Structures are given as structure tokens and as C-alpha cells.
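> What follows is each chain in one-letter form.
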Amino acid sequence: MELSLLSTLIWLPVFGGLAVLAVGDRRAALSRWVALGVSVVTFVASVPLFAGFDRTTAAMQFVERHPWIERFRIEYYLGVDGISMPLILLTTFVTVLVVIAGWKVIRERPSQYFAAFLVMEGLMNGVFASLDAMLFYVFWEAMLIPMFIIIGVWGGPRRIYATLKFFLYTFLGSVLMLVALIYLYMGSGSYAIQDFYTFPLGMREQVLIFIAFLTAFAVKVPMWPVHTWLPDAHVEAPTGGSVILAAIMLKMGGYGFVRFSLPITPDASMSLDWLVLVLSLIAVVYIGFVALVQSDMKKLIAYSSIAHMGFVTLGFFLGFSILRRTGGLEGAGMGLEGGMVQMISHGLVSGALFLCVGVLYDRLHSRDIAAYGGVANTMPRFAALMVFFAMANAGLPGTSGFVGEFLVILASFRANPWFAFLAATTLVLGAAYTLWMVKRVVFGEVANDGVAGLTDIDAREGLVLGVLAVAVLVLGVWPAPLLEVMGPTIENLLDLMVRSKL
Amino acid sequence: MMEQVLLAIVLSPLAAAVIAGLFGRVIGRAGAHWITILGVGASFLLSAWVLAGLLGGRLEPYDGAVYTWGISDGVRMEVGFLIDRLSALMMTVVTFVSLMVHVYTVGYMREDPGYQRFFSYISLFTFAMLMLVMANNFLQLFFGWEAVGVVSYLLIGFWFKRPTAIHANLKAFVVNRVGDFGFLLGIAAILSLAGSLDYAEVFASAPSWSRQTVEVLAGRPWDAATLVCVLLFVGAMGKSAQVPLHVWLPDSMEGPTPISALIHAATMVTAGVFMVARMSPLFELSTTALSVVLVIGATTAFFMGLLGLVQNDIKRVVAYSTLSQLGYMMVALGASAYAAGIFHLGTHAFFKALLFLAAGSVIIAMHHEQDIRKMGGLRRYMPVTYWTALIGSLALIGFPGFSGFFSKDAIIEAVHASAIPGARYAYLCVLLGVFVTALYTFRMFFMVFHGKERMDEHTRSHLKESPWVVTLPLVLLAIPSVVAGWMTEQALLFDGYFGSSIHVSESHDVLSTVGEHGTAPSAFLVHGLSGYPFFIAMAGLATAWLLYLRRPDMLPQATARLRGIIRLLANKYYFDDLNEKVIAPGARGLGKGLWKLGDEILIDGLVVNGSARMVGWLAGVVRQVQTGYLYHYAFAMIIGLALMLGWLLMKG
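Chains as they are written, first to last, in the numbering used here: chain A, 1 to 502; chain B, 1 to 652.
Everything labelled a hint here was simulated from the structure, so no lab data went into it. Hints are supplied without guarantee of correctness; some may be wrong.
To be verified - Reference excerpt, derived from the structure (chain A facing chain B, CB under 10 Å, subset only): (1) W229; (2) A424; (3) A431; (4) V446.
Owing to the predicted nature of the structure, the values given are computational and were not obtained by experimental measurement. We put the CB at the ideal spot given by N, CA and C, even for glycine.
Only chain A is shown next, with the shape it has when bound in the complex:
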């Protein structure tokens, strides 16, 4: 048996979080250090996941399998493949940064704050590592609780509305998924997700299950038109909450599509792919325009996230159009890989941008673009980093933001040149909304006394943003290792996607 690495990655932060809670707010400094220690150890522990990963197989690795609730054949069944492993790494990496970012800023109940993030980290790792559908569902729903608390306790003035909206939206979506999972269990007699892949389903069943999954995942991604919870949640969430929300939680929707929808309901996916494609393209174009006119920086980045996630779902569902148009699958894998890379990259870039807004917010307590102007005069180092992340957000080659969009656009041309045409509008729209914000916030004369009194980022903030900048750059200049990890899994997924269950 493998050293139970995945269990460690789930339970170490959860119990670590409880330990931080036990240290308590009275000993705030200690609780911070404990939280940092736990997050760093978790990250270090996750590195062997990448280093020891077998890049030649699509099989699950680092598997742990024990019976849990035997009456319903629910198992404690963990494992990762090329799709989930990078997402776990992203989670452990970003959590460290979030802990550092909250170091001084969180004055109110700091230990509870850090504890919530650590517990959430464990639960999110659980979502990505679960191979048992019920275990997955437990983590999936449990994860909402710390996020609910984070926004509800440390959030802004309208946090109650935002949390309720967030909770109801995602919860309602997930309930349908639960029904679908139970149905699948009744038929197949197992909760193992991989058993669902081989379980034959009729078209009607597939369509219903597909729609149930779609509802759950579309809310999480979020896809148009169930996206309106995201801007509100982001605006009210504290910086760390926004970072986790954008970097990790949105990815669960995308992950759901590749783990559940495509392989479990291939025929329904094939016949309903137009729905996802249309919604994805709407996300790219419609939301691109909406992002343009936002006056709140966080809202702008939130809308930009929706547009970027449109590329993820677009890339995932391109394969069927390619199959119909060309009769082959060449290019479908590129779409899937592009979507996956886009998820990782978006985690880094949007996380970094939310941190940038956080840096400004900590100083002037405003997210309003109009409250700034000429920040580069007083915060040159910050300005350089913010412009860099803005460029990454606009998909500049050499940054990670480019890789996913590039692959998806290349692949979508094979599916239909018009898909590529609409998707590529992001080149113009993404540049316009991101750089227009940069122009109004970073450049120009010092706009007011507030900006005149700004102090540049300190070592702690510089560390967080600097590390992210390096990651964005490395992934942009050399995405080969990431693509290599995903390759076999994506190929296997393609097989499952086109193997009819009828």
C-alpha cells in the first residue's frame, strides 16, 4: 500500500485547522504561525504527488480504498489521475499564499479565519481525490460551510445577501446531482465513479442525469445564466475568500464535467453539447462586454473569471463537434487539455488579481476604480506586478493565461470556425476590460490624497505576488510538464466520451 498520501492531504489541514482553532484568538500570533506551518507542510507533502506521478498511464494513482458505510457500499476511496492531481497541487499552493496574505490584514477572530481556510483546503482536496461518488458529494457539500462562514463573518456590508445567494444557488444545483448519483448507485450497485463509466444507460436516463449534473456544475463554474451569485459573492468576500473562490471553487464545476458528465453520460453529452457550447460562447462574449463597464474592481475580475471559465467548458465540449465535422477526433484532446490548463492558469491569475485588489483595499478601503488613479506613482513595485497579472489575464503569450486560450481556440477552429471566431473575441475584449481598468487605477497623475499617501507593497505582499508571478511565467514559458501529466488521462477520457452506452 502507498503511504496514504491523499489522506494526509485531506486530513492534515482539517485537523491542523482544528488545532489552529484550539490555539484561539487570544494567542493570535501563534495561531498564525501554526496555520502557516500546516499549510506549508501540506504543500510540501503534495509535491510527491507530482514528482512521483506516473506520466504514462491513465489509471488512478495513490489509491486508497476502504469500506466506509458498507450497508450502502459507500467506500472511502481516493485516487488521482492527470486531471485531479494538478488541481490538488493548485489547492495546496494557493492556500499557503492565502494564509500569508491574511497575516496582518485579519484583525477580527484571526484563528477562526485561518482555521476555516485550512479546513476548506482539506475538504477541497477531498473533492478532487474522491473516487467514490458519495464521498465526493460529502466533501462537495461540506466545502460550502467554511466558505459560507468566511464570507458571512469576514465579508463586506451586504454579506448576508451574498452568502445566502451563494449557498442557495450552489446547494440547489447540487441536490439534483445527488439524485443522479443515487440513481446511478441503484442501477450499478456501487458508488465507485469508475463503475459508473461502464454502466450502460438509455438515452432518456442519460439526458436526465446529464441535466442534473449540468445544473450542479454550471452553477459552480459558473456558466451563464446561473452566474449572478459570483460577482456578489466576490464583492462581499474577504480577499482570501475571493482568491479561494476564484482559484479553486470554480474549478470544481469544470472538474465535474470531466469527471462525471462526459464519461458517465457520453451520448447525452454528444446530443446536448450544443447547449454547453452556446452557453460557453455567451460567457465569453456577453460577459466580456459586461466586464467592460464594471466600476468595482472585484466585480470586474469576477466577470472576467466567468468569461475565462467559458473557455474551460468550451474546450471540454468541443470534441463532439469535431467528430461530427471531420469524422475524427484530432483536436478534441487539445480542447480538453486547453480547458484543463485554463483552469490551472485561471486559478493563479485571477487569484493574483484578487490579491492585487486586496492590497489596494487594505490601504484605501475601496474597490471602486474611480477611487484610484496614478497608483504607479506611489506604488511602483505593486504597479509592475499588477500590470503583469493584467497582461496574463489578457492572455499574453509567455504567461499561463495564454496557454489554455491558445489551445482552446486552435481546437475550436476544427470544430467550427465560428466558434473560434467568437472565442477569439476575448483577445480584444479581455485586453479592453483588463487594461482599461489598469489605465484608470495604475496609470495617470496621482488622483487624490488617498493615492498620494499609499505605501508600496511590503516584503510579505511582495512575496505572495512574486511567487504567483513566477508560477504564471513558468507555466507560460514551459507548459510541457503540465501537458505531459494530463496527456494519458485526457486520451482515456476521449475514449470514454465517444464510446456509446446505448
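Since the structure of chain A is already known, use the hints to place chain B on it.
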């Protein structure tokens, strides 16, 4: 060996840029300019060595990968170099001009607080431009393409406190992105047709897929080669500022003058020209695409030149001239005279960089006054600038013997010989363009250096020649502006210099027709002295002399008659108005509409909060029933019982 040299060529400016950018405060101002000058200098020497090696046969053309960027779906994407005579020539031109600009910047930016940052940017630019011209695949081409765009963005907005500068850089980036949008689609089309992003593989397989059709609109199939080339050309239109994507280039003059010379005249804006020439094996497969290139180029060449006539900002005159000259290069490409296009790219790089730097020298002397109406008579104060600017101006108008003469004459003759659709229109445009070029060039030249001294007393008392770091690059650029044509004309145009790096199909081979009246420079000169272009240029020069020097009193009369046209020109054909009063507000309005109507009213208002309200309302209704009075409940029970009994009875 070759690979190490090539890596050194691209990495030394990059390393210098990183050091100057990150450690600018540590190494100081002198440290920043020395390290970047050394980096670019090394790059130039090695590029020249490679070029010489290729010419002398000591080196073989090189096509190889540096590393694998990624493999997706079986497509191997690499970073690699293709070094043949075309790219080696470009590398040498780019690094030479860049080196000159680096030296010049030492003088021009002397008092600027962002000194180190500036050197970091221009070195970074050199790196990006080299990556672009040295690429052996479309991925890297696109990387370089966008990277030069970003550095251009940073440099136009270098003085980021100026509202005009940060408006101009945003505009430049977004307009370029419109071009890149087409460019990326072109690359996507290539991948889907050829299954590879590698130049060599794509060119080799092109004849086999070029006749396929792609159904863009239902029932309207496009020839694959035409689709690919037109999409790629949209990218070139953005980067090389062709109508209607030209609007960003004049505004880019908000950046410091050295970068106007380097990026917005000599190198980056010619990337589109280079790209089309590099893609000649593809463009040769589609006469339609060539016609598009020809017509767009000709339109830019003539109509943008006209705009130069009404500008009063010295840099903007030169900027419109650049637009027009880029149009000439595009015309050459459209006529399949790729060699002539690249030839003009090279000569233009020298004389236009020279003119920009001379303009910068004037601007330094004038204490950053750029209005030519406030200049005049500077000849007496700035002899070196005067003579070098004269050389640049003569080269620009194509005065016989100067470098611009050879390249421009070759283009005009090539268009004359071309038979593809649009060639006649293009010929007319380039001929008329010669008159316009001579007129605006010498209008500026006379207004700056001759005539009455119109500046204020304070400025006049401080007028003096610029320091040697400024004038030395002027002199060094003036030399090739004179001799580059003589030295390279025959080799570049007729003796197959480019070899296999440029492909021209036999039916399009206009340059051999041009060469019929002799290929040697002397023959060119003799032929040129008796051709239309020469007389047209002289007419333009004479008109400028008459209107701006000899009889300025005639000017109001002349302009009064042309009031309508002048208003059209002064408003730049209303392109800016279209963009800033229709397109930009339209996009914002659409965004606002979608947001308010779609997100807030329909989705949130009606569906989300609406269903919440619905639940609330329902709860309210149900609450009414629970009154708390016992007799209400008893009454409801009796009614219910009665209904149930009735139902059972009916059923029974």
C-alpha cells in the same frame, strides 16, 4: 555552435533588460545603459557575423528547435529558430537600429527619472523582436508578435502620468489585438489544415491543402489558402498599421522619440511586412489574398500620406509618413515583389529611424516643443542635425542615388508590371504617393530648418546642437541611408539573395520584368532619371519650396480652394471619430445594456430574487390560513371531511 550563437543573440538583450529592470537602482543609470548597450551590441555583432557567414557560405541556413514548449494532442509545439538570409538580414537591421537608439537614448532621456526602466524596456523590445523574426514556427511568431505589442504598450505609456499617453497606449494595444484576433484565427486555420505549426512542414504541405474549401458561411465556400492568408494579413494590418487598423500609430507618438524611431518606424511596425514575406509560400497560393494586400497597401500608401500634409506636430508628420511607407512595402508584397518589400523595409528602417532621431534632436533643442509652426531657421544652430535630416528626407522622397530611391522605384516598377486584380489602382496610388511624399517631407524640412525663426526669444537663446551621443547615431544612420541602396540593390532584388526563403510563383514574377531594363544600380539610376516617379517627386519638392519657402503668401489662397478636403484631412477621414464616438461608446453601451437588462433585471430580478419573492409570497398566503382560531380549523376540518366523503361516495 550555431545554436549557442543564436541563443546568445536573443538572450543577451533579455538578460540586460532583466538586470536593468529589476536591479536598476543597484546598478545606477550608467550601469543600466552600459549593460543594455553591451547586450544589444553583442547581439548586433553576432547577428552581423551570422549574416556574413550565410552570405559567404561559411554557415548553412539553420532550422532547429531550442526546446519543446508543449505537446498537446500529438501536436508538438516548439520554440526554435529558422535562420536563413531573410531572418539574418532582419536580425542585423533590428539590432543595428536598436543599438543606435540605445546610444541615442543616453542623450535623449538624460534627465528622465525613469531612465533605467526605459533601457530595460527597449532591450526587452529587442529580445521580443528577435524572437519574432527568428521564429521557425507559428507559436513563437505569435509570441514575438504579442510581446513586441506589449513592450510597445509600455513604451507609448512610458510617461504614464500623461493622460494622452495612457490613452494612446491602451488604444494601440486594443487595436493591435483586433489584428491579432485575425492572426490567431489564421494560425488556428493553419493548424486545422496542415496539422502542424512548424513553418517548414506547413509550407511543404500547403500545395496539398490550399485548394480545399472551408465553408465559412453556409453555401459560401472559401478557398483554404485565401482564408488563411487573409486572416494572417489582418494581423499584419494591425501590427503594420494598415487602413483601417492604422489609427493607433499616429497616437503612439506620445511615447518618447527614441522608441518612435525604433518601434514605430524601423522595426515593430514592419513585422507585418516581414511576416507576409516569410509566408510567401502561402500567399503565392492565393491571388485573391495578394490582391487584398495590394489594395489595402496602396490605399494606406496614398491616403495616409495625404494626412501628413496637414499635421503640424513634427513627430506626427513623420508618423503619417511611416504609415504611407508601410503601405508601399505592402504594395510590394501584394505584387509578389517580396524582395522589394523587404528591401524597402531595410532602407526605410535606416532613413526613417534617422528622421525620427533628427526630429528628436530638434525637439531637445526646442525644449520639447513639437509644433513645426513654431520652428524655422534651425539650420544655423544645428548643422549636424540639419545635414543628416536632409539626407533622410532625400532618401524618403526617393531622390536618385539615395537608398530610398532604389527600393521605392523597384516597388513602383513592380506594381506597374503586376497583372493581378487591383494592380492598376495600386499603381496610381503609389505614383501619386510620390508627389505627396515629397510635398509633406519638404514642407516639414523647410518649416523646421529654413525660413523665419518663429520660436520665442527664450527658446532661441538656448538653441544649440545636441550632444554627441545624439548626433553620432544620426551620422551612423545617415551613412546607410545613402549607400544601402547602391550596395544591396542588385543582390537583393535580382541576384536571388533570398534564395529559398522567399517563394514566388512564375506567373507572379514581376521583378524579372523590372530587371529587363538593367539590374545594376547604375542602370537603375539612368532609368530612374527618365521615369515618372522622378519628375513627380521633383514636382512635389518644388511645390513645397514654392509654398513654404519662396511664396508663403500663396499658401492661404491654395488652402482656401481646398477647404473641404483639408477639413476631411484635418479630421483624419473621421476614423478617430468613428472609433471614439461610435465603436467605443457602442461597446460600453452594449455592456451596460447586457449587464443591467440581462444580469440585473432578467436573471437576478426576475428569476433569482423573483423566486425568492415567490417563496415569500407563498409563505405569506399560507400564513393567512393559520389564524389561530379554533373554529377556523374546525370549519376547515369539516369541509375537508365532507369533500373526502363526497369523493369516496362518487367513486363508489
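> Give a verdict on every hint.
To see whether the hints hold, each was checked on the structure:
The interface hint given for W229 of chain A is met, as the beta carbon of that residue sits about 8 Å from the closest beta carbon of chain B, less than 10 Å. For A424 of chain A, the suggested interface contact is upheld, since its CB lies about 5 Å from the closest CB of chain B, less than 10 Å. The restraint placing A431 of chain A at the interface with chain B holds, with a minimum CB-CB distance near 5 Å, inside the 10 Å limit. For V446 of chain A, the shortest C-beta to C-beta distance to chain B is roughly 8 Å, which falls under 10 Å, so the interface hint holds.
Every hint from the earlier list agrees with this structure, and none is contradicted.
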